[in-house]
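So the sequence lines, in the order shown, correspond to chains P and V.
In terms of this note's numbering, the first sequence has 22 at position 22, counting the first letter as 1, and numbering is strictly consecutive.
In terms of this note's numbering, the second sequence has 40 at position 40, counting the first letter as 1, and numbering is strictly consecutive.
Note that these hints are calculated values from the structure, not bench results.
Since we're looking at a predicted model, the values are computed, not measured.
Do not take every clue at face value.
[Claimed, not checked] Label pairs and their calculated CB-CB ranges:
#  : chain 1 : residue 1 : chain 2 : residue 2 : range
1  : P       : H219      : V       : S203      : 37 to 47 Å
2  : P       : P42       : V       : K159      : 28 to 38 Å
3  : V       : P42       : P       : H219      : 48 to 58 Å
4  : V       : R71       : P       : A112      : 50 to 60 Å
5  : V       : T357      : P       : G204      : 27 to 37 Å
6  : V       : R142      : P       : G11       : 50 to 60 Å
7  : V       : S240      : P       : D320      : 35 to 45 Å
8  : V       : P42       : P       : S203      : 42 to 52 Å
9  : P       : G204      : V       : R71       : 47 to 57 Å
10 : V       : R229      : P       : P358      : 37 to 47 Å
11 : V       : E307      : P       : D45       : 32 to 42 Å
12 : P       : R345      : V       : G119      : 52 to 62 Å
13 : P       : P42       : V       : E307      : 37 to 47 Å
14 : V       : S240      : P       : Q326      : 21 to 31 Å
Ideal Cβ positions, reconstructed from N, Cα and C, are used throughout, including at glycine.
There are 2 protein chains.
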Amino acid sequence: MKRIDTALAPGSRIGILGGGQLARMLSLAAARLGLDCHIYAPEADSPAFAVSAARTVAPYDDFAALEAFAREVDVVTYEFENVPGETAAFLDALVPVAPGVHALKTAQDRIAEKTFIAGLGIPVAPFAEVADEATLDQALARIGRPAVLKTRRFGYDGKGQTKIHAETSSAAAFSDISRQPAILEGFVSFEKEISVIAARSWSGEVAVYDVPENHHENHILKTSTIPARISAAVADTARSFGSRIIAALDYVGVIGVEMFVAGETVIVNEIAPRVHNSGHWTMDACAVSQFEQHIRAVCGWPLGAPERYADVVMTNLLGDDINRWQALAAEPRLHLHLYGKRQARPGRKMGHFNRVTPRQP
Amino acid sequence: MKRIDTALAPGSRIGILGGGQLARMLSLAAARLGLDCHIYAPEADSPAFAVSAARTVAPYDDFAALEAFAREVDVVTYEFENVPGETAAFLDALVPVAPGVHALKTAQDRIAEKTFIAGLGIPVAPFAEVADEATLDQALARIGRPAVLKTRRFGYDGKGQTKIHAETSSAAAFSDISRQPAILEGFVSFEKEISVIAARSWSGEVAVYDVPENHHENHILKTSTIPARISAAVADTARSFGSRIIAALDYVGVIGVEMFVAGETVIVNEIAPRVHNSGHWTMDACAVSQFEQHIRAVCGWPLGAPERYADVVMTNLLGDDINRWQALAAEPRLHLHLYGKRQARPGRKMGHFNRVTPRQP
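Excised from the complex, chain P in its bound form:
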């Protein structure tokens, strides 16, 4: 594993795996610091290409292309958690990779992730490994119903999961997730969803932003409200969970940790080893956004102070919501961010906006 011990000077080149809106906003943040990005993505129409110094269009298992890419950059990072493990390991031998392969692998496998978090003494929903219908029945007997069955890998935005009610047959549930290796999780009855956006540098410095309260529709984030309507004690607990997780993972970069709140109890739901949609509010309410923070972290720069200047409601523009752009552009104190995607498929993240108001004491 290669490390960065001296800050990469302006003019250095950051390799990013993935070319979606997160890579695009990372690239814009890097440019502001005089750093160039090289985007590696399989899709020729990746939104990040239009704002980046260099691009490679190739699949993630093209090791010749990966080697050439690694030779052109000073550090590699990624915008999504489903980078194949072999891709990350291959690059890791050639160039510093942040977040590291260990953190990526942990976050990619829901069993490894939950085991890791529970091992820190941090509450998670009851869970059990599911390999087939027989182990699903055993797990249901132990955990009870309702419960949620999720594929161990490659789930996001509610994909690869199904809820098991009182009458659901285990055969039907297992079939719903295409009979893949899975995890059964006890259903958590929560009042609020929150997240912690934290950053950690190569030297172990940690910075944690204020906690957003997240509202999902159809399993897709719709709004984040900052500050969350939670007690100071709950906010402190959430932030300390984030800090402990990022340190224990020996993580470098920005992480998103999704949590549930019930009363004064905080339960960690899952880790996203990347900049996170619920951190988009930082773009317009902090000196250093989560995107700049991630760039700073992976490049060995000092982390920015995560101080918040304003209260914010961040709203995602999903699918046809993008058609509101003209009205939104006319609204004062609204910061509009569009991702340059050409096709507005239903549920597709096309942009977001931050409504900013003076910070309340």
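Please build the complex by placing chain V on the supplied structure of chain P, with the hints as guidance.
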């Protein structure tokens, strides 16, 4: 002259003449709105290329390249005032150009500029046209000494000008500016330099930012402080001069108008028909920066509210100042902007930073 009457939708393409830091920051602002930029510049290492969707490397008098460029974009703008008049006129026949050719020509010629401003009843320094030593002597006899002799065209950052003291011979002065067509201006004894950054849309809507106070070193802007330490009456006068100038020019886009203040008197010094260095503070203290405002204006979008959230001191990083990047990056509440230039020549604008503090009542 072609106009834009309907806002250009996200995905549209903006052509920018010039590829320096102003084009780079325009391109970053356009990207945030889902708009692509095509940079046209003669220099193959232009800083704006690294953050733009398309580029043309060609001289400004390559009309075949200009025609191909015009066919690829929905609107053309520029980052500097010395775009050749024939280039602007050629493009203007093919595609909307903003700011328009008339405004550009007025700002390019100091005689036309001063005559235009004085014609609005706005105070300027006494001035006279100089064609040769004889007319310089006549002008000196009328205006007196000290005075400043400036080339009519292509001056910036103090280039192409010389001060005429009590003992300076007119031959020496005229030779100092390479005996070019010139303007003699009476020397204005001012207390403060300020500027007005204003924007105007195709439909005539105008937005004016708060007034910065500017400090120059060796004729190059070093800092802008917002708010300026001027009376409310002086600020109102300055802003009204800016509004009248931008409207009278039938201007579309962001303009910078430099002014002198002596007591309660405001004198307009010159117009920059583009985003302006003294407006860089808007990037970190307004919902819509001057760069986004310019993009909005030229693309027919609603202008953003120019409301200011914070007090700011903007400082330019000139030449070797760039070596301070690491210390600056570690300072809280400091917003760092680096331009991606590889060579730090003396006086070269390498970046800037905004120190932001809560807005004082």
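Do the hints match the structure? See the list:
no.	hint	result
1	P:H219 x V:S203: 37 to 47 Å	holds, 42 Å
2	P:P42 x V:K159: 28 to 38 Å	violated, 49 Å
3	V:P42 x P:H219: 48 to 58 Å	holds, 51 Å
4	V:R71 x P:A112: 50 to 60 Å	holds, 54 Å
5	V:T357 x P:G204: 27 to 37 Å	holds, 30 Å
6	V:R142 x P:G11: 50 to 60 Å	holds, 52 Å
7	V:S240 x P:D320: 35 to 45 Å	holds, 43 Å
8	V:P42 x P:S203: 42 to 52 Å	holds, 43 Å
9	P:G204 x V:R71: 47 to 57 Å	holds, 54 Å
10	V:R229 x P:P358: 37 to 47 Å	violated, 25 Å
11	V:E307 x P:D45: 32 to 42 Å	holds, 36 Å
12	P:R345 x V:G119: 52 to 62 Å	holds, 55 Å
13	P:P42 x V:E307: 37 to 47 Å	holds, 43 Å
14	V:S240 x P:Q326: 21 to 31 Å	holds, 30 Å
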